[in-house]
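Student: Sequence:
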Amino acid sequence: MKRNERKEMILESAKRLFSDRGYYQTQISDIMDAADVARGTIYQYFKNKDDIFTTLLESYLKRYENMVSEAILKLDLKTITPIEYLRFRIHTTFLFFAEDPDICNTLLRMGLGLPQHFDSVILRFEQRITNIITNDIQLGVNNGHVRPGLDMEIAANFYAGAILRCAYHFFGGASRGMSRGDLEAATHKITDMIARGIFSTP
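Heads up, the sequence shown stops at 202 in the numbering used here, and the numbers go up one at a time, no gaps.
Mixed in with the good hints there might be a few duds.
Stated by the list, open to error - Calculated cross-link-like contacts (lysine-lysine; reagent style DSS-like; alpha-carbon spacing at most 27 Å):
hint: 1; residue 1: K47; residue 2: K62
hint: 2; residue 1: K78; residue 2: K7
hint: 3; residue 1: K62; residue 2: K74
hint: 4; residue 1: K7; residue 2: K49
hint: 5; residue 1: K189; residue 2: K78
hint: 6; residue 1: K189; residue 2: K74
hint: 7; residue 1: K2; residue 2: K49
hint: 8; residue 1: K49; residue 2: K78
hint: 9; residue 1: K2; residue 2: K47
hint: 10; residue 1: K62; residue 2: K49
hint: 11; residue 1: K62; residue 2: K2
It is worth saying that the hints were derived from the structure and are not from the lab.
Build out the structure end to end from the sequences listed, making use of the hints.
Tutor: Quick look at the structure:
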């Protein structure tokens, strides 16, 4: 097995264990067994369990940023309506978590119980989503779609919190996903709820 392939195998094994058992209940020996490698092999790639976990968190952030960047290229920003744009943003975030429930569990269920030195990575992920929402709301204000006087900081954090909580409800924990039809229906309902709170017209 090539070096990069072995490293990815270790990360995939660790990801499933962190998702199922949690950070504290997962030990290096568990990762060794799941990946079927020796302890020395793991230490060729990672300093310790913290290093493995941080590597996973950083990869989640990069994957989300790449997905958002690639998704926006598919839109025709000249013709899309505000409600369609909002729905697209929500749907893209839901798809990110739907494609890998282990990411959902690690970021959204475990975040509050992790050691403090992981805060910066998780906060960057949350801030990335909040920044996207803030920019979208500002765009709506500039184009007269968002009602005047809206507190953008509160609105962005409310919106982000709702999306992340719904993502965990739909794709994390024991639920482990939903059908495509149910996902589409949920996206429409949540879009409608948020739109009623921020848009200047129905």
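Student: Determine for every hint whether it applies to the structure shown.
Tutor: Structure-based check of each hint:
1. K47 to K62: holds (21 Å)
2. K78 to K7: violated (44 Å)
3. K62 to K74: Roughly 19 Å separates the two Cα atoms, so the pair holds.
4. K7 to K49: With Cα atoms ~14 Å apart, K7 and K49 stay inside 27 Å; holds.
5. K189 to K78: Roughly 25 Å between the alpha carbons, so the hint for K189 and K78 holds.
6. K189 to K74: holds (23 Å)
7. K2 to K49: Given that 27 Å is the threshold and the Cα spacing comes to 22 Å, the pair holds.
8. K49 to K78: violated (48 Å)
9. K2 to K47: Cα-Cα ~20 Å, so holds.
10. K62 to K49: holds (20 Å)
11. K62 to K2: holds (23 Å)
The structure shown violates the earlier hints numbered 2, 8.
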